[in-house]
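Residue numbers (my numbering), protein chains in the order written: chain S, -8 to 498; chain U, 167 to 488.
What the hints contain is simulated information worked out from the structure, not anything from laboratory work. Just so you know, even glycine gets a beta-carbon here, dropped at the ideal spot from N, CA and C. Misleading hints may appear alongside valid ones.
Far from chain U, some chain S residues (derived; all Cβ distances over 10 Å) [what the hints assert, rightly or not]:
1. Phe17
2. Gly166
3. Pro175
4. Gln191
5. Phe493
Computed beta-carbon distance windows for the label pairs [to be verified]:
6. Trp170(U) <-> Phe333(S): 42 to 50 Å
7. Asn169(U) <-> Leu16(S): 49 to 57 Å
8. Phe333(S) <-> Glu380(U): 46 to 54 Å
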Amino acid sequence: MKRLHLYLLAGILAAIGLGGFSHKLFVLGFPFQPDERTDVWRVEVQLKFEAAGGPAKVSLFVPRRTEDLVIVDQSFVSPGYGVVTEPKPGHGIRAAYSIREAHGTQSLYYRAVIQPARVRDEVSRDPAPALEPPQFDDAQRVAAEGLVGAARQRSSDAGTLASLVVKSLKEAPPGGEAGFLLGPRPTSRRIATVAAQLIQFAGVPARMVNGIVLAPERRDAQFAHWLQFYADGRWQPLYMNESDRMVPHQLLAWWRGSVPIAEVSGGSALRHTISTSRSYELATRTALNQQRALEKKLIEFSLFGLPLQSQALFRTLMVIPVGILLLVILRNVVGFKTFGTFMPVLIALAFRQTGLVWGIAFFSIVVGLGLGVRFYLERLKLLLVPRLASVVIVVILIIAALTVLSFKLGLERGLSIGLFPIVIMTMTIERMTLVWEERGAGEALQQALGSVAVGVMCYLVMNLRIVEHLFFVFPELLLTVLAVTLLFGRYSGYRLTELYRFRVLAR
Amino acid sequence: MMNWFRTRALLERNGVLGINRRNAEYILPHNPRNCYPLVDDKALTKQLAAKAGVAVPELYGVIEIQQQVRGLPQMLMNYRDFVVKPARGSQGDGIIVVTGRSRALYRAADGSLLDDHEMGFHVSNILAGVYSLGGQADKALIEYRVNFDPVFEAITYRGVPDVRIIVYRGVPVMAMVRLPTRLSGGKANLHQGAIGTGVDMATGKTLTAVWRTEIVSEHPDTGNPVSGVQIPHWDTLIELAARSYEMTGLGYQGIDIVLDRDKGPLILELNARPGLAIQMANQAGLGTRLKLAERELPALRTVADRVAFARDRFAHAGPAAA
């Protein structure tokens, strides 16, 4: 009876899940595979500020078409605000949000959909540039003359001159002419600004461009800066670092010059966050446009209807059930022993940020050092809760120290250790100590290895691009995962490890 | 790969019970959740047993809150030997057996010495739930140390051997004697390296033993043969087991009994999730016996019926133990 009930339930869930999946796949034409070729990007800017109570006005630069990228669609989500866009000569296009009266924290959004241009736009629509010689004081002028003079001697045309200037600024020794112009600890933005000034100083029209790199899933995109100089009758790009040079079709120019992206009047504490994502929805836009109104609503109420930041979060959330199902199989069918029920899945989530090799290395180091500290604390005879709390604090210290250390050693990956689930690590250390003392080191290490092995397997499955794509585009598949998990709830066969354990009884 | 399928088929044929099947078909349906506290909390088990008129090791005292830890030395003053254990402990973790004193120090069964401070810390750990299932707050029990019956002296390395009987809805289905080894640190727990010998349900004589996953016929430390030892009071033991069903209401449970030299069989604890290694100790599958018991259950009305059934049907079938 219970069995029938379970089978019915699982069957219904699986049918709904697979039904929704196939409807979307075959009728609505959603892509089954993450399509590499349809680079359709979504960019979202979130502006937040504290309104002073009176009229408020926020201006925001918006991106425009470049040689390689076209802005297909853009929208301004700003309840109660009026929005006008106006060109700002020399800088770009600016959108102005204004409202009569605003109180408290205000959130404004700008969204754009961007596609690679099919035909490269060769014609520069900018008017012939006017040279704007920079304002230098006497000391700066001397330094600038030295730098530009040296570059001019070794260059043959405007292009080589510009890149020599950039090179001398990037490799500036502190105390030299370049170092003096840049000031202490120059940011890449500062370098670009000074480079633009120097190239102008040398008589070549130049300007700094601010933009972002379009990445598949970025919750807080940072601006990149590069230069354009005018030669041979058109603006030519000059990239400040190698990585930008590689991806012109993913580099979205936003605005030019050294003015800030957004400004506010009638408010304070203006912040902006920019997120980017590769859009799957748009890959099937033509298919969607032919659907009836009801079905369009259905799409609106899917995960695609969420703001980009939340979408990025759900991309991660939706793969967790897959990891959990794998965990169920590994524990109940194979018979892996792990610390804590879901610890390996959380470890796998952390691995997604750190990468596999680094993840395992960091995990081992943190748990190893934590164990050492825990064994030392054992001698102090502390009560359980303060002892656990001490281990949490030590784990955080270890993580902080490792992050700083690995960053100083030039390992960028180190920055993501902070994403390890600290409390889970602490419980792992505590459980491991107890098992170590009660059952011996062998058993403790065996369970630790089991946990990491399961974590790695979950990571490998959860990190498959097709898995992430499928569960984000077809969330109803989770019902099927649930159905399978329910069925495993009644699996009463042997575990693989039991075949080994009871082998003496197999006669 | 083929080998696995063969092993699986053979295990199936021998009626070996796996952990998934034990949980899905015996523990979940037959052990009502509200009965768990009765066996998970050894203080409650003792009360229950006392009510049913079953002998248990005498309780000297209970420590329930951290404050009482200070009074521990006074509480222990009158006893030369005793056992400290967590009320909700599992798998024998957190148990300290004190066999005597050396000046102000307690001498533990494994030979180590503890002072009052260390004993207090251990009790604090117990209270904080270090050894309990799921880490809940716990109580520490201080009780009579069993002077075990010398019958197992030759095949025990320190510690207290005990008899584990699996009882399915009142029918004793399988039994084993758990003998501590050097590896198990004096604990009668198979996971920690103790050995378990099978028991002929008809006679109460020991059979060969399992150590880890191997079948052994001698005790690894003493070298003496483990089979053919007659468990004293077997009639009482098997009857105690049969009566335990009515006591707790758990359809599938393990009952752990120690044999005291002076007081006879004492119930040490009951277990709602008894382990499966007992099958290797007996070289027999639990599944077969459970099915048999299930089929015959309607006809078994009294405790005596169930005992008689068990002795008759679950007698050791193989060649007589040496």
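Item checked: Numbers of the earlier hints that this structure fails to satisfy, in rising order -> Numbers 5, 6, 7, 8 - these are the hints that the structure violates, sorted from lowest upward.
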